[in-house]
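Asker: In order, the protein sequences belong to chains C and P.
Counted from 1, the first sequence has number 208 at position 208 by the working numbering; the numbering is strictly sequential.
To convert a position in the second sequence, counted from 1, into the working numbering, add 1000.
Any given hint could turn out to be false.
Distance condition first, Cα-Cα at most 20 Å in a straight line; then the derived SDA-like pairs of lysine to any residue [stated by the list, open to error]: (1) C:Lys-127 <-> P:Ala-1273; (2) C:Lys-127 <-> P:Arg-1037; (3) C:Lys-127 <-> P:Gly-1105; (4) C:Lys-127 <-> P:Ser-1104; (5) C:Lys-232 <-> C:Lys-171; (6) C:Lys-82 <-> P:Asp-1074; (7) C:Lys-14 <-> P:Ala-1273; (8) C:Lys-5 <-> C:Asp-57; (9) C:Lys-82 <-> P:Asp-1272; (10) C:Lys-82 <-> P:Thr-1193; (11) C:Lys-82 <-> P:Tyr-1102; (12) C:Lys-5 <-> C:Asp-18; (13) C:Lys-14 <-> C:Ala-52; (14) C:Lys-14 <-> P:Gly-1103; (15) C:Lys-232 <-> C:Glu-264; (16) C:Lys-171 <-> C:Glu-264; (17) C:Lys-82 <-> P:Ser-1035; (18) C:Lys-82 <-> P:Arg-1191; (19) C:Lys-127 <-> P:Arg-1271; (20) C:Lys-82 <-> P:His-1192; (21) C:Lys-82 <-> P:Gly-1105; (22) C:Lys-82 <-> P:Pro-1118; (23) C:Lys-82 <-> P:Thr-1106; (24) C:Lys-5 <-> C:Leu-15; (25) C:Lys-127 <-> P:Asp-1272; (26) C:Lys-82 <-> P:Ser-1104.
Here are some of the chain C residues that sit facing chain P, going by a computed Cβ distance under 7 Å [unchecked claim]: (27) Met-48; (28) Gly-49; (29) Leu-50; (30) Asp-51; (31) His-66; (32) Pro-69; (33) Pro-71; (34) His-73; (35) Ala-77; (36) Leu-79; (37) Gly-87; (38) Arg-88; (39) Ala-92; (40) Arg-95.
No lab work stands behind these hints, which were simulated from the structure alone.
All figures in this text were calculated on a predicted structure; none of them were measured in a lab.
The beta carbon of each residue, even a glycine, is placed where N, CA and C say it ideally should be.
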Amino acid sequence: MIEAKGLTKHYGSKLAVDQLSFNVRPGVVTGFLGPNGAGKSTTMRMIMGLDAPNAGDVTVNGRHYHDLPWPLHEVGALLEAKAIHPGRTARAHLRMLAEANHIAPRRVDEVLGVVGLSAVAGQRAGKFSLGMSQRLGIAATLLGDPEVLLFDEPVNGLDPDGIRWVRNLLKGLAREGRTVFVSSHLMSEMALTADEVVIIGRGRLIAQIPTDELLAQSSQRYVRVRSPEIGKLKAALEGEGATTVLEEDGSLSVRGPDEVAIGELAATIPVVLHELAPQSASLEEAFMELTGDSIEYHGELRTGAVASREAVR
Amino acid sequence: MSTAAIPAIGPAKALPPGRYGMSDLLRSEWTKLRSLRSTMWTLAITLVLGIGISALATAETRAHWSSTQVPGFDPTATSLIGLFFGQLTVGVLGVRVMSGEYGSGTIRATFAAAPLRPLVLAAKTLVFGTVALVVAEIVAFASFLLGQALLSAPAIHTTLSSPGALRAVAGGGLYLCLIGLFALGLATIIRHTAGAISAFLGILLLGPVVIRALPASLADKTEMFMPDHIGAAVVILHMGQETLPPWTGLLVLFGYAVALLVIGGVLLVRRDA
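Just chain P, same shape as in the assembly (with noise of 0.2 Å):
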């Protein structure tokens, strides 16, 4: 640790043409990312749970298989069971990716390399909405292919190729991705990572609860723009409520993810940080 020299710094040097960008926020996202054990933790157990749960869900069903099932039994929701436990640790997941920058400081040094905020924004979303696409996707379609493979005769199975599979399959993923943005909106919004973990956790699971406090005619139409229910919407192929049809669902959660982060992002440029 004793460095009694004075260290040799060579002369300041021309600066390089043009000036930071896109590419190298980008690069340096992706290199926070992967930088952190718990993110790659976090990321494993999404891959790991997900697709085990759905696998256990899928397979416990078959156990306990009765022809009375049959009717009404929809194997590729079954199967993707997975999912709403992943939206959880993806939630979470996009809390830290930002409130962890608060909580530890970082975001200083961040700002301080890259003093325009929203591209800095702009590029932890890409980084993290492509990682998260990517590992959401992938439990998505192993918990499909494993799950299908799992319900074995007598019980009934079904194919991507089976009307409104594939829709469920990728669009469930695809709902998982668009959670992590929401949440990754609300950290950025509120900075701190239990605040923006309970204000996530508290829309997923307790708004449903309280809409169904609501008189009924209210909470039927309120509760299908609820996340959980466009996730709901677009993995079970009949919900037998009112539902948004599922591409328009998960439209409308891109819409509250973008409309988080925009806020996020103006709120970046107005406050200090």
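In isolation and in its complexed conformation, chain C is listed as follows (with noise of 0.2 Å):
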């Protein structure tokens, strides 16, 4: 369980957190989402007890991080992949912590073993890959087999099997009754592993809502229709009113009618179709309209919603 209450985090000038108050509940995977800037790695590093925040208040199992007696068996946390000396083996890293809360060194070649790494365990971590890097981290934060995980964008830099493995891993967790805290700015990612998700955008607050909820709270919903007559259907999907894109792959997207009205107005017409298709919002369409004018670094959004979508393919 993390509460966060009126969390207020300023650098200078420049406010990064601004009275952010969610709840982190065990048993689900709860993302956290937003553009890049948005604060979340400061949110995340508030958590921990690494950044001090200006105003509010954040606590890990109803304590302060600080007063955890022994906080490697509460939390793990994934904060940066590469945050790893790059001189030091893999079993050396792990086992520094290990040694730090008093956890038996066998844990460290069980943990090894869990991420995959066991036959580079003795390898320095400057030689990995990011992907190498992303699972030594997350081996960290199980060490200590703790109930909460805290983990930003861990699927940064895997290939496909790895998001895969995370995702199983971050959902695996949560069944196990954990609280897992995952950040992401891949919404796509999102809409696959979270049960709940927080929003953030320049630092506030959006939303803090069940994932199925706010896809289907988008009015970006719309079915996908194939049909060798398509400009046909086109036309008379447009004469009732329906919103349509013809896509460059030759499907046809509608907005508007339902995916049965769809299907009984190309039976009258009549055309032959080759797919029906409803298609709920990607996550991140949602999230867009959520965040509207809230994003910082447009730039830098549009470079992640383009990864996210080569990742999950």
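Reconstruct the complex from the two isolated chains, following the hints.
Answerer: So, in structure tokens, the structure goes:
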């Protein structure tokens, strides 16, 4: 359980986090969504007691991080994948962390096995790819078998196989009753992973909402239609007041009528349908609708959105 | 690398009794120190070159021995020349022990495991200080013993039991260790490797030059408080100019190191990691 109340942080005159309040509960994966620069990492660091808030308060399992008697036994966090000394081996990196919290040395090899790094345990982290560093960072979060887990952008740099692995890991951890809080700017990834999302923009809470509700709320639902006589169907649909877009791949995206209405209309024309597929809005689109003007770095967000589409393919 | 299966992780378990403490952090810092190849290399270089430079310089002195040297010849200081090289490597290591954590970002993992930052600094100081002291004393004693063996007749040599020799040797090693802690304190304040090493070398090497540019009366009064001068006063039996008494000097240097570490500790708590 993580509880943030009125969390505020500024760096000089720049407000990074602005009166942010939210709860992250156990047993589900909670996504922490926002464009780059929205304050996600700052918030994570404040949860961990690394950055001190200027106002407000955040607790983990009812306590300030600073007061946890055995921090790694209660909280595991992946803040930056590359935050590993390049000259240290994977095993030594985990070992020094384990020792600081009296965690048995064999646990180090256990978690290396869990993340699939056993074979490179004795290699220096400087030689690791970003994906391997992510796995090592994830191994570190599991060291103390903690009930609360934080992941800042855990799928960055992972290949599709790795992304699926992280997704399953996060879900598995939540299923075991743990509190899982995972930040991402990859909205589509969160749609697949998170049960609930905390959305922020410019350091402010925009919404805390179950993922499926967020998707349902969106006005961006549409139906994809394919037909050998797509032009005829398009005209008919527009005649009924639907909005249609002919996509590059030849399919027609229809907003307005649902799949039942479209199918019935097609039958009355009649045109043959090759596909009639309702599409829920991607979380990304729902997110865009919600955040609107609170996006700070438009260029970066767009890059992120493109990357996310590629990532889930 | 491919691990498709969902890992089986045991159910939440009871926490160990008490809380993390000094013994856990000492163990962790010890692992940190010896798990870096660069640290081990720096220590090895300190040993090999520290003793090696001492031996070379002493052998050189012996090779060009002339009887005119006898008055005022200090066989102890001659054999300990390597310490002045050693202070550079030990200082750089003291900087990197701390700045390396900031440079790589591991400082956040360190503080996530142990949020009591002053305790982390204390553990780091103890572990590094102990290692530095052991290495420095080995350099000092080995240099001295090797050097005296090299100073064969007609050159004069000395023994540890002669007046001031043990002080110079043991004190020289202690000086090296304190210089390392001084550097560690600087790095805790400055955090960046390049900046902290510059500050360290500036104080040690450029400080005396700057002070000599001051009016002579002022320079004489200030110079003896500079770290390098304190070191010289410990190692050289008769400096021939105003110095702090050797043990007083070491105490002053200890004071500098403690002051820097305390300031560093306060800043560790105040600043975001």
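Asker: State for each hint whether it applies.
Answerer: Results of checking the hints against the structure:
1. Simply put, Lys-127 of chain C and Ala-1273 of chain P have alpha-carbon atoms about 25 Å apart, too far for the 20 Å limit, and the pair is violated.
2. Taken as a hint, the Lys-127 of chain C and Arg-1037 of chain P pair is honoured in the structure, with Cα atoms around 14 Å apart against an allowance of 20 Å.
3. Our distance criterion of 20 Å between C-alpha atoms is met by Lys-127 of chain C and Gly-1105 of chain P, whose separation comes to about 16 Å.
4. Only pairs whose Cα atoms come within 20 Å are accepted, and Lys-127 of chain C paired with Ser-1104 of chain P is accepted, the gap being roughly 14 Å.
5. Distance restraint check for Lys-232 of chain C and Lys-171 of chain C: the Cα-Cα separation of roughly 45 Å exceeds the 20 Å cut-off, and the hinted pair is therefore not satisfied.
6. A distance of roughly 52 Å separates the Cα atoms of Lys-82 of chain C and Asp-1074 of chain P; the hinted pair therefore is violated under the 20 Å criterion.
7. Using a Cα cut-off of 20 Å, the hinted pair Lys-14 of chain C and Ala-1273 of chain P holds, with the two alpha carbons roughly 18 Å apart.
8. For a cut-off of 20 Å, the pair hint linking Lys-5 of chain C to Asp-57 of chain C stands: about 5 Å separates their Cα positions.
9. At roughly 19 Å between alpha-carbon atoms, Lys-82 of chain C and Asp-1272 of chain P fall within 20 Å of each other, so this suggested pair holds.
10. As the CA atoms of Lys-82 of chain C and Thr-1193 of chain P are separated by approximately 18 Å, the hinted pair is consistent with the 20 Å bound.
11. Restraint check for Lys-82 of chain C and Tyr-1102 of chain P: the C-alpha separation of about 12 Å stays at or below 20 Å, so the hint holds.
12. Taking the CA atoms of Lys-5 of chain C and Asp-18 of chain C, the gap is about 11 Å. The hint holds against a cut of 20 Å.
13. A threshold of 20 Å between alpha carbons decides the hint, and for Lys-14 of chain C with Ala-52 of chain C the separation of about 15 Å falls inside it, so the pair holds.
14. For the given pair, Lys-14 of chain C sits about 24 Å from Gly-1103 of chain P by alpha-carbon distance, which is inconsistent with the 20 Å threshold.
15. Taking the CA atoms of Lys-232 of chain C and Glu-264 of chain C, the gap is about 14 Å. The hint holds against a cut of 20 Å.
16. Using a Cα cut-off of 20 Å, the hinted pair Lys-171 of chain C and Glu-264 of chain C is violated, with the two alpha carbons roughly 40 Å apart.
17. Between Lys-82 of chain C and Ser-1035 of chain P the CA atoms are separated by roughly 18 Å; this keeps the pair inside 20 Å, and the hint holds.
18. With a C-alpha separation of about 18 Å, the suggested pair Lys-82 of chain C and Arg-1191 of chain P falls inside the 20 Å cut-off, and the hint holds.
19. A threshold of 20 Å between alpha carbons decides the hint, and for Lys-127 of chain C with Arg-1271 of chain P the separation of about 31 Å lies outside it, so the pair is violated.
20. About 17 Å separates the Cα atoms of Lys-82 of chain C and His-1192 of chain P, which keeps this hinted pair within 20 Å; it holds.
21. Pair hint Lys-82 of chain C plus Gly-1105 of chain P holds up; C-alpha atoms about 8 Å apart against a cutoff of 20 Å.
22. Of the supplied pair hints, the one linking Lys-82 of chain C and Pro-1118 of chain P is violated, its CA atoms being roughly 25 Å apart against a limit of 20 Å.
23. Proximity of Lys-82 of chain C to Thr-1106 of chain P is assessed by CA-CA distance (about 9 Å); at most 20 Å being required, the pair is judged to hold.
24. Taken as a hint, the Lys-5 of chain C and Leu-15 of chain C pair is honoured in the structure, with Cα atoms around 16 Å apart against an allowance of 20 Å.
25. Among the hinted pairs, Lys-127 of chain C with Asp-1272 of chain P is inconsistent with the structure: their alpha-carbon atoms are about 29 Å apart, more than 20 Å.
26. With a C-alpha separation of about 8 Å, the suggested pairing of Lys-82 of chain C with Ser-1104 of chain P holds against the 20 Å cut-off.
27. The interface hint given for Met-48 of chain C is met, as the beta carbon of that residue sits about 5 Å from the closest beta carbon of chain P, less than 7 Å.
28. Because the beta carbon of Gly-49 of chain C sits about 5 Å from the nearest beta carbon in chain P, less than 7 Å, this interface hint is met.
29. Interface restraint check: Leu-50 of chain C against chain P, minimum CB-CB distance 4 Å, threshold 7 Å, status holds.
30. Using the Cβ-Cβ criterion of 7 Å, the hint placing Asp-51 of chain C at the interface with chain P is satisfied: the shortest such distance is roughly 4 Å.
31. Given hint, His-66 of chain C at the interface with chain P, holds; its Cβ is 5 Å from that chain's nearest Cβ, closer than 7 Å.
32. The beta carbon of Pro-69 of chain C comes within 3 Å of a beta carbon in chain P, closer than 7 Å, and the hint placing it at the interface holds.
33. Contact between Pro-71 of chain C and chain P, as hinted, is supported at the beta carbon level, the nearest pair being about 6 Å apart and thus within 7 Å.
34. Given the 7 Å rule on beta carbons, the hint for His-73 of chain C holds: about 5 Å separates it from the nearest Cβ of chain P.
35. The interface hint given for Ala-77 of chain C is met, as the beta carbon of that residue sits about 6 Å from the closest beta carbon of chain P, less than 7 Å.
36. With a cut of 7 Å, the hint placing Leu-79 of chain C at the interface with chain P holds, because the nearest CB-to-CB distance is about 6 Å.
37. Nearest Cβ of chain P to the Cβ of Gly-87 of chain C: about 5 Å, under the 7 Å cut. The hint holds.
38. Using the Cβ-Cβ criterion of 7 Å, the hint placing Arg-88 of chain C at the interface with chain P is satisfied: the shortest such distance is roughly 5 Å.
39. Annotation: interface hint on Ala-92 of chain C holds; nearest CB of chain P at approximately 3 Å, less than 7 Å.
40. For Arg-95 of chain C, the interface hint holds, since its Cβ comes within 7 Å of a Cβ in chain P; the closest pair sits about 5 Å apart.
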